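Enquirer: The listed protein sequences correspond, in order, to chains A and B.
This note's numbering puts the first sequence at residues 1 to 494.
This note's numbering puts the second sequence at residues 495 to 972.
Possibly wrong hints are sitting among the right ones.
As the list claims (entries may be wrong) - Derived list of chain A stretches under chain B, where covered just means 3 residues or more per stretch with a C-beta under 8 Å from a C-beta of chain B: (1) 70 to 76; (2) 145 to 155; (3) 165 to 178; (4) 183 to 194.
Stated by the list, open to error - For lysine to aspartate or glutamate, the following EDC-like pairs were computed, each having C-alpha atoms within a straight-line distance of at most 16 Å: (5) K111(A) with D926(B); (6) K858(B) with E28(A); (7) K114(A) with E28(A); (8) K110(A) with E927(B); (9) K111(A) with D852(B).
What the hints assert, rightly or not - Estimated spans, in silico, between C-beta atoms of each pair: (10) K68(A) with Y899(B): 25 to 33 Å; (11) D682(B) with K68(A): 43 to 51 Å; (12) T191(A) with F936(B): 47 to 55 Å.
Simulated from the structure, these hints should not be mistaken for lab results.
No experiment lies behind these values; they were computed from the predicted model shown.
The beta carbon of each residue, even a glycine, is placed where N, CA and C say it ideally should be.
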Amino acid sequence: MIDWPLVSVIIFLPLIGALIILFIKEDELTSINIKWAALLATLGTFILSLILWLQFDYSNPSYQYEEKFRWFNDFNFFYHVGVDGISLFMILLSTFLTPLCILASWNNIKKRVKEYMLSFLFLETVMIGMFASIDILLFYIFFEAVLIPMYLIIGIWGGNRRIYASFKFFLYTLLGSVLMLIAIIVMYRNTSSMSIEFLQGNYFSYNTQLFLWLAFFASFAVKIPMWPFHTWLPDAHVEAPTAGSVILAGVLLKMGGYGFIRFSLGMLPEATEFFIPLIMTLSIVAIIYTSLVALAQTDIKKLIAYSSVAHMGIVTIGIFLVNQQGLEGAMMQMISHGLVSAALFLCVGVIYDRMHTREIEFYGGLVQRMPLYATVFMIFMLGSVGLPGTSGFIGEFLVIVGAFKFSSYVVIGAAFGIILSAVYMLYLYKRIIFGTITNNKLEDILDINTREKIILIPLAISVILLGIFPNLFLDPMRLSLELIITNYEIANAK
Amino acid sequence: MLNNIYNIFFIPEIFLACSSFVCLLFGLFLKRNAFRQTSNLAVFVLLLTILLVYYNSESNFANYKSLFSHSSFINFFKILALLGSIASIIISKDYFLGIKLKNFEIPVLFLFSTLGMMLMIASNNLMSMYLAIELQSLSLYVAAAIKRDSISSAESGVKYFILGALSSGILLYGFSLIYGFTGSMNFDDISYYLSKYDNLNLGLIFGLVFVMVGLAFKVSAVPFHMWTPDVYEGAPNSITGFFAIVPKIAAVALIYRFCLVPFENFYIEWSQIILFLSIASMFLGAVAAIAQSNIKRLLAYSSIGHIGYILIALVAANDDGIKAASIYMFSYMIMNVAIFAILLSLKVKNEYLINISDLKGLSKSNPIVSLSISIIMLSMAGIPPFIGFFGKFYVFIAAIERELYVLSVLGVLASVISAFYYLRIIKIMYFDESKSEGIINFQISFQSKIILSLSLFVIICFIFYPSLLINISASLTI
């Protein structure tokens with residue numbers, strides 16, 4: 001194994017990059033240096049995180065690469081980080097998407113390049129830190145610190161209603177997460193431990209669990225987001241710059257799912273059992289309702305934003321089925337959605353950069369001028385629909401298989417949502433790509449350039465890879481998920 | 495015996511009192527640069543006092559028949575007040591010179607007020623407590639009105655004086671009731687006397703309520719906060735800085751000691767009052783600040799909100815509460831020092847900055863300054879990883895230790911509301927497009943730059959080594 005602090009290096013490498021950028025003076029000529037520095041830092045992080053995957057021990061369900069230092073002297077708070085099967089791919093997702101985001105903003109961010117790159121690097125550090133932390137306080141600090149760069153990214157580089165969207169994003173998610181702080185303190189008081197590893201079990205009385213569960217639910221349901229707490233998402237997505245939407249959809253939404261698995265399932269099993277009907281109802285409503293809303297959208301980004309809520313509905317169903325298929329399906333769906341929705345936002349960014357509008361009406365017949373674009377867009381669109389052979393299929397399929405063990409009503413709801421997702425995505429694709437060009441402005445639109453190819457092709461490859469070799473991803477996470485399910489069943493069998 | 499007489503001068507309070515007079519004479523006899531020289535001397539004196547407090551911490555010499563008391567909690571808050579005082583004298587020096595207010599009395603007034611605060615923190619007797627409060631307040635009344643030719647300054651001074659005098663009167667009435675019913679002025683004697691009874695009689699309850707009202711005035715807790723925004727707004731910026739940073743420290747220490755020493759057995763009685771004050775302060779501070787356009791009024795409401803959180807820790811009334819209060823007060827002082835160090839150096843069209851909307855475009859003209867303001871604002875909002883978060887975190891730990899779940903939830907809700915106005919400042923600096931650029935000037939003297947950098951360093955880097963402060967505050971006894 002590795003005898004140097006790999007996880008900490010991965011967490012703090014972007015921050016070191018940010019510190020270097022802080023001392024580069026910004027003007028017309030040097031902004032390219034800033035971009036390169038940011039790209040190198042994030043690429044370096046990505047390569048290091050691949051080592052994490054290559055050296056990962058598949059037969060070990062608990063944390064690996066652990067690092068533990070005493071952080072506060074008076075309480076049992078530690079700087080304690082590590083990676084297990086659940087967090088491994090969340091970290092990889094973050095490190096994979098951030099360099100792509102930097103590339104995606106290479107030309108279209110013209111003002112305040114320095115601050116922009118600083119925000120992204122800081123964001124990467126806190127995202128990775130959050131997924132890697134084994135101490136709840138550390139987790140919370142990273143969890144909330146995510147708000148700062150994201151607030152700035154939406155507010156400074158966003159669209160017309162960016163101020164409204166950034167405030168809504170910040171306050172909405174803050175409201176959710178402060179309640180989690182109270183819950184964390186209550187947990188600490190009852191067990192004198194802040195270790196996520198230790199708290200995986202059943203340490204709290206039934207009533208305490210119910211309250212703690214609700215507090216955690218408040219923060220994760222807003223984050224993931226579940227209907228009816230999703231209203232910040234369309235605003236934030238639409239107003240954020242392309243790269244901001246990518247990170248928001250690709251990683252930040254996964255924080256909610258990750259939290260549900262770790263905290264709700266892992267630490268509060270009895271309360272989870274009690275609240276499963278609630279989650280299932282909300283999820284099915286979310287899937288069907290937001291799919292219908294997506295169908296009615298005229299803005300491409302908004303449509304994809306609503307589709308995210310629907311896909312996250314499938315994730316929450318999968319998580320709260322609490323069986324092997326359901327959880328694996330939920331994890332796969334999260335990874336797949338991270339790649340697909342990120343890619344879809346990047347695709348929207350491509351045509352937005354050229355035409356500066358996201359109205360579906362404006363486009364039509366792009367296949368005539370942009371054949372390559374039409375092809376990659378199709379791959380991602382099919383991935384979002386869940387066509388076999390793409391990543392989306394694995395997740396949805398596993399969740400539905402798992403749901404059969406639970407209730408056939410849930411299956412019907414989820415399947416109906418999947419059909420609707422095919423409807424709105426195919427309809428979107430038809431309107432934008434197919435047909436003849438009716439809008440004169442589109443006559444001389446250019447196909448994707450080399451930079452955009454570098455961004456989109458890795459994503460397309462990984463979407464297909466995930467669809468054809470799901471075991472590459474399922475094997476590392478299997479034992480960790482089994483551990484959570486076993487704990488859950490032991491707790492509820494009493 | 496002779497040895498002892500010399501030792502008297504090494505008692506921090508006596509040293510500070512004597513040195514304050516020396517400063518006064520020093521300023522009087524200086525022909526030029528009196529203000530600057532006196533300020534420097536005052537800073538030097540305060541630094542020496544800190545050393546004396548630090549090294550005298552074990553001695554029991556200055557009890558004066560238990561008029562004053564000694565404990566680690568007292569020493570911690572004394573040092574905090576002295577540090578705040580030093581910082582605010584240094585950061586305000588250039589501002590005073592800038593507005594041509596060169597009265598050398600100002601640093602001397604600060605010294606006397608600081609002396610009053612040290613006595614306030616240490617007082618162990620109703621009478622000494624009252625006198626200390628008066629010494630502190632009288633200096634501050636004068637300071638608020640020091641800009642004689644300005645209507646707003648005079649108004650704020652008079653307002654502060656009248657309301658302060660009213661609160662002192664109420665306080666004194668409460669003291670007389672407590673004295674009348676217990677027969678003693680000494681905290682320990684009162685505590686001993688009260689320990690014989692299970693509940694307070696009507697007279698003592700009245701006395702307690704009156705004292706609480708008076709103390710609530712001093713810490714500016716809602717509903718006795720009305721003077722704060724007006725005085726903050728009217729006084730010259732640097733005096734406002736002093737008001738925001740230092741007297742709060744002393745008043746908080748006093749209210750803690752008053753509740754936890756003589757009345758520690760009557761938790762139920764006083765905790766209801768504090769509970770109400772706390773909730774009201776948090777919410778009013780959060781909501782009222784949203785509508786403010788003047789940065790000083792905004793900071794006034796923000797400080798009212800902070801007091802609400804500190805009072806949560808008092809309601810908790812356990813060791814964790816004392817710890818939380820000291821950590822919170824430390825972070826409060828650091829954040830206010832930092833924000834005032836910046837405000838006192840920002841000029842818009844040659845006027846010192848007052849309106850929040852004037853910050854527009856600051857991120858373009860002064861990226862570092864606007865970044866610093868953003869960090870301070872996020873820290874005040876309690877967003878990790880900055881120091882403000884840890885203050886709030888410890889407060890909630892203390893509250894949950896007491897099983898005050900509803901209060902904690904209300905506290906976090908108020909913190910979300912207050913996040914809105916802190917974010918608004920960031921929004922104005924970063925998100926709003928400014929039409930005219932370069933109208934904001936940032937000129938800072940070397941000394942305030944050091945203070946600013948130090949406090950920013952603490953705000954940002956506290957997370958890496960929290961144990962330093964937390965160990966100290968965990969060992970405090972009241």
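Enquirer: Run every hint past the structure and note whether it holds.
Expert: Evaluated hints:
1. 70 to 76: holds (count 4)
2. 145 to 155: Since three or more residues must qualify, the claim that chain B covers the stretch 145 to 155 of chain A holds, with 6 doing so at under 8 Å.
3. 165 to 178: Answer holds; 7 residues pass the 8 Å Cβ test.
4. 183 to 194: Contact hint for the stretch 183 to 194 of chain A vs chain B: holds, 4 residues under 8 Å.
5. K111(A) with D926(B): Holds. K111(A) to D926(B) sits at ~13 Å (cutoff 16 Å).
6. K858(B) with E28(A): Holds - the C-alpha atoms of E28(A) and K858(B) are around 15 Å apart, at most 16 Å.
7. K114(A) with E28(A): holds (11 Å)
8. K110(A) with E927(B): holds (15 Å)
9. K111(A) with D852(B): Distance ~21 Å between K111(A) and D852(B) Cα, so the pair is violated.
10. K68(A) with Y899(B): 25 to 33 Å: holds (31 Å)
11. D682(B) with K68(A): 43 to 51 Å: holds (46 Å)
12. T191(A) with F936(B): 47 to 55 Å: holds (49 Å)
When the structure is compared with the earlier hints, a violation turns up for hint 9 alone.
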